[in-house]
Amino acid sequence: MRTDLEAPGTEPRLASGDDGVTVEAVSRRFGAVHALDGVSLQARAHEIVAVVGPSGCGKSTLLELVCGLQAPDAGRVSAPPAVLMPQRDGLLPWLSALDNAALARRVAGDSRAAARAAAHEHFAAFGLEGFERARPAALSGGMRQRVAFLRTLLAGRPVLCLDEPFGALDALTRVQMQQWLAGALQREPRTVLLVTHDVEEAALLADRIVLLSARPGRVVATLEVPLPRPRQRTDLQVVELRERALEALGAVAPAVAHTPPDGRA
Amino acid sequence: MPAAGLVLAALAAWEAIVRLGVVDQLLLPAPTQVLDALWTDRALLGEDLAVTLSEVLLGLAVAIAVGAALAIGMHLSSLMRTTLRPLVTGSQAVPVPVIAPLFILVLGFGLVPKVLMVALVCFFPVTINLYDGLRDVDPDARKLLRSLDATRWQAFRLLEAPSALPATFTGIKIAAAVAVIGAVFAEWAGADQGLGHALLTANGQLETARAFAATLLLFLLAVALYGAFAALERRVVDWTPRSEPAGGP
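Protein chains in written order, with our numbering: chain A, 1 to 265; chain B, 1 to 249.
If we strip away everything but chain B, and leave its shape as in the complex, we get (with noise of 0.2 Å):
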């Protein structure tokens, strides 16, 4: 594999780098002392990583849920398209450091605040990607479901929701490898536990290879995740034959 050959000789640098004293450990500490903090603290860093993982997997939840539910309602009606579309599209515009305070002054320093960010973080791709993939169906297979009139409950069940599943799959991985972010800023504004305040705390105390061992394990969870959303959509999009060259009939 060529991309670990790359990895690995990029770490190599960056030890050598780190350890020749071109950089001052305390900014940028090597990849061993990152391993080193890893180990050394892997109870405490181990139990924020359950919190943290708890709050995105809640996040994900309601935002696939509140995504899906925002999409199938602006499909099917007209009024909350026009109603609902701006709305969406402008929740994405609120910076998330600064509605992460606000979340944590009215809910709380609990779950509930961080589950709400990750969910505000995460729910956009759902929905446009969901409701992207209901409106492109086969132009033959909807005319065909006309021809046999169908109902409207009937095209969506039979056609339009099989139809947007990959589509759907895609605006899912996307906000499991974001959802990290919506936690990250939600511990940031208020938390005692968790990899974002884990984050914190080690920068407070200049322990940098601790900070470093917590971003390691956020990266990992967000790797982590997508794979796991990757491989539930290859078990459940089971039809598209993913050999065939993209652009096939």
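Next up, chain A with everything else stripped away, as it sits in the complex (with noise of 0.2 Å):
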């Protein structure tokens, strides 16, 4: 389903028609929290828009628009059909690997062997093969993420919200999944949300980063990320922008950002 949301009493707008995710001004408010403050951001089609900020600033909430789950209070959302990777994989425990990376098959109305058949396609090049029938319980935290990203990649949509998707791995196997999934959706080109609060993971992925403050979250800045693909953690670039990005965010003083980078990691 399109999510073509305005708050009430706000003028009605023609939608942009392609697969560009387009979110002006929305706030949102749950009793006295105050999630979303006049955020604006645009994806294009194709394009990989990291949103990073604290804990609590709105993000999950801010995926939610746009996947249509809830309306703003104020603003416009405008996106094509969006597909919600939830915080923690969303997975079934009763469902074998096969069956949950199906599961918007199902959704979608295809039989129970044609959704299974459209998701094993995909098992080999996922690194799962030998695992289909294996419960979530019995994965490692990487395969659960690439199971529930398979997932959302067959739900069809041309727009993925994923909601900090590794924010459970451990350091090592994020660097792994970061660079896997770089691989995977070049290969599969898709209009992307990815919600972190990793400003290198953002650095990494996306095409252009949106930091938000703590709440009520608001846009702090916009950083354009024209880097080549595939990038690496160490190119200087990179490193760059995750320092300009920290310095946005008030995470480290301007003095420190423009000393030489000491390795974090």
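No lab work stands behind these hints, which were simulated from the structure alone. Idealized CB from N, CA, C, for every residue including glycine. Misleading hints may appear alongside valid ones.
Claimed, not checked - Okay, the calculated beta carbon distance ranges per label pair:
hint, chain 1, residue 1, chain 2, residue 2, range
1, A, Ala168, B, Thr83, 39 to 47 Å
2, B, Leu76, A, Glu188, 31 to 39 Å
3, A, Gly31, B, Thr82, 22 to 30 Å
4, B, Arg81, A, His120, 38 to 46 Å
5, A, Gln176, B, Gly73, 46 to 54 Å
6, A, Gly156, B, Thr83, 40 to 48 Å
7, A, Arg133, B, Asp192, 17 to 25 Å
8, B, Ala231, A, Gly130, 38 to 46 Å
9, B, Leu87, A, Gly141, 32 to 40 Å
10, B, Pro139, A, Ala114, 23 to 31 Å
11, A, Ala114, B, Arg235, 26 to 34 Å
12, B, Arg234, A, Ala113, 27 to 35 Å
13, A, Gly156, B, Ala231, 54 to 62 Å
14, B, Arg152, A, Ala45, 48 to 56 Å
Said to hold, decoys possible - Quick look at which bits of chain B chain A covers, simulated, 3 or more residues with Cβ under 8 Å:
hint, region
15, 101-107
16, 132-142
Starting from the two chains in their separate frames, assemble the complex, guided by the hints.
Have a look at this one:
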């Protein structure tokens, strides 16, 4: 389902029509909690836009708005059909890896056999071969994320909303999965909104980084990332970008940000 | 097994107290006398056990069917929720010994009132646990299905129903443990067969050992039913990692 949501009382506008996502001056409150305050961002077709900010700045709310799971209190959200990859993978513990990956196809109306066949085609490329029948509890963290990402891809939506896909992984697995995701998205280009609290992850993967402040979430800066792929964590430009992002978020003092990087990892 | 040792010690103490004449054997028979009665009357008690077992099994089947229908109805329809919830809860306030004679009066001395009595005692834990289980679903998975535009029926079949299975089994196990109470009360209100009936007649004839033997069979019946459903649960709900500590991610 396409998301074209406006806060009540705003003037209706025509949707952009392509595979891009537009969020305009969106605010969202939950009772006394002001989650988002006048947030705007744009993702053109097949762009990867990272949304970075501290915990509780409304990042997940932003994705739910784009997926049409919530409506904004003010502002406008326009997006083609989007699918959500929830924070903790959202795998169903009673389904096998194959059936979890096939879930989006089942919901779309495919028969069990057709959905399984569609999912199984990708199992080798996703490094999941031999684990078709394994339940999520028997999979490693990285494999669980790959199953969840395959399920997300198979939904066949032009927009993917990834909510901290690697937040629960150990540092080593996370690095591997970031490289893997970059490759997977080069093979299967989609419009991606990637929520993360890791500026390095954003610098490695995104075409644009939107930095949000602590609650209420406001855009403090938008950084373009015109760097070639594949990117390495140690690339000088990636390191520079990471420091600029941290500086904009107020995590490091400007003086520190301009000193040569000292190998944080 | 320390538990077995404790039980044996308690039984030995019980035996000694009775044999030494501390209590009247008409009031409290010794464990060996109970076993003796169980053996002597095995043909009679065996028939009674079969009768009570069928009452309990049929009653549980009705309780599970009705309990599940109520829970699913209350989950899917807010009208059913508001109208039925007070009735479902209130049904458990009805005193079983009071209502049992009414069942017998209206439905006769046959199997039907016993089955309904068991079902009345048993449907509540099934309903409440299944109802709670259907609501208590991983919020991430719920969001995922909504973002996939799943229909109400798909959300129920793919997410809520399987997710509620462990809670449902908890309800069924509780029901299995209390089912014999319903059967015994129904038999007391009017029956010519069954362990409850055997208990009543043995009491009337001051055959205390036989009454205890019948009680022992009721006890074993409840334990066996519970064990059977627990075993079924392990086969059906085979995804919960039991070895992990509770409260994990």
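**OP:** Kindly confirm whether 40 to 48 Å is satisfied by the beta carbon distance between Gly156 (chain A) and Thr83 (chain B).
**Re:** 42 Å, holds
Subject >> Assertion that chain A covers the region 101-107 of chain B - criterion: three or more residues, beta-carbon distance below 8 Å >> reply: Since 0 is below three, the answer is violated.
Original post:
For the pair Leu87 (chain B) and Gly141 (chain A), does the Cβ-Cβ distance stay inside 32 to 40 Å?
Top reply: Since Leu87 (chain B) and Gly141 (chain A) have Cβ atoms about 47 Å apart, the given range 32 to 40 Å is violated.
Original post:
Taking 48 to 56 Å as the hint, is the beta-carbon distance of Arg152 (chain B) and Ala45 (chain A) inside that range?
Top reply: With Cβ atoms ~32 Å apart, the hint is violated.
Subject >> Check of the region 132-142 of chain B against chain A for coverage (Cβ-Cβ below 8 Å, three residues minimum) >> reply: holds (count 3)
Subject >> Whether the CB-CB distance between Ala114 (chain A) and Arg235 (chain B) falls inside 26 to 34 Å >> reply: At roughly 29 Å between Cβ atoms, Arg235 (chain B) and Ala114 (chain A) fall inside 26 to 34 Å, so the hint holds.
Original post:
Cβ-Cβ distance between Gln176 (chain A) and Gly73 (chain B): within 46 to 54 Å?
Top reply: 48 Å, holds
Subject >> Verdict for Arg81 (chain B), His120 (chain A) (Cβ pair) under range 38 to 46 Å >> reply: 41 Å, holds
**OP:** Could you tell me whether the CB distance from Ala168 (chain A) to Thr83 (chain B) stays inside 39 to 47 Å?
**Re:** Between Ala168 (chain A) and Thr83 (chain B), where Cβ atoms are some 43 Å apart, the hint holds.
Original post:
Is 54 to 62 Å a correct range for the gap between the Cβ atoms of Gly156 (chain A) and Ala231 (chain B)?
Top reply: 42 Å, violated
Original post:
Does the hinted range 22 to 30 Å hold for Gly31 (chain A) and Thr82 (chain B) at CB?
Top reply: 25 Å, holds
Subject >> Distance restraint evaluation - Arg133 (chain A), Asp192 (chain B), Cβ atoms, bounds 17 to 25 Å >> reply: 54 Å, violated
Comparing the model with each numbered hint stated earlier shows that hints 7, 8, 9, 13, 14 and 15 do not hold.
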